[in-house]
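Residue numbers (this note's numbering), protein chains in the order written: chain A, 14 to 133; chain B, 14 to 133.
No lab work stands behind these hints: they were computed from the structure. Possibly wrong hints are sitting among the right ones.
Some but not every residue of chain B turned toward chain A, in silico, with C-beta under 10 Å [said to hold, decoys possible]:
| # | residue |
| --- | --- |
| 1 | 25 |
| 2 | 26 |
| 3 | 29 |
| 4 | 37 |
| 5 | 43 |
| 6 | 89 |
| 7 | 91 |
| 8 | 107 |
For glycine and all other residues, C-beta sits at the position ideal for the given N, C-alpha and C.
There are 2 protein chains.
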Amino acid sequence: MTMAIDEDRLDETFAALASSTRRAILARLAAGAATVNELAEPFEMTLPAISKHIKVLERAGLVTRGRRAQYRPCALDAAPLEEVSTWAEQYRPVWEARFDRMDDYLTHLRQRRKVGQPDA
Amino acid sequence: MTMAIDEDRLDETFAALASSTRRAILARLAAGAATVNELAEPFEMTLPAISKHIKVLERAGLVTRGRRAQYRPCALDAAPLEEVSTWAEQYRPVWEARFDRMDDYLTHLRQRRKVGQPDA
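Can you build the whole structure from these sequences, using the hints too?
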């Protein structure tokens, strides 16, 4: 389970994702770039509040902003999400083992039924 | 990109994962259950400090503890990590599109070379 992972960066990514509002902003940006004003509207938040969330996402590298356009539209950068997925996938054998154990148990129960043993 | 996801639970999972120490504890527990004393040693942390981290992981459902055993060994529960993976995988088309665009660009450059156009 060793990987070349930037731990500090991952700290920042996970912290940025620990907010349903920020995750909703990312979901909105997956549909296309948007200005801060456009983002503020559906979330019924003040501009300063939404700006604060966007700054957290920007620091984590999840959002990039246009440099020259007047309204500096926000765009999603999904690269850190690929890192999150890669990190979590390390544990797939662990969560799959859970299901395997459950399968084994159910097979075991079925076998016992077949040979006429009591269930309990 | 809609999924049946418990947003509050995901908030807690991501917050718990936003610490390289807590992620290292999970990696250690993936190798097998361990007592708080056993966990404290490799991390060179005091027992209260490691206990605090374990409580955060427990609240997030990432660690379960034996109820009856004297030292209440900690065990990994990878179920929330599967949710993290599922959540992040929603964005796979976005990060893959990045690479597709890069591929297209490189193909475009190669095509221009072939027909003898200048690169710049």
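Against the structure, the hints:
1. 25: holds, 8 Å
2. 26: holds, 8 Å
3. 29: holds, 8 Å
4. 37: It holds, given that the least Cβ distance between residue 37 of chain B and chain A is near 9 Å, below 10 Å.
5. 43: holds, 6 Å
6. 89: At 6 Å from the nearest chain A Cβ, residue 89 of chain B passes the 10 Å test, so the hint holds.
7. 91: Holds, about 4 Å.
8. 107: Where the cut-off is 10 Å and the nearest Cβ of chain A is about 4 Å from residue 107 of chain B, the hint holds.
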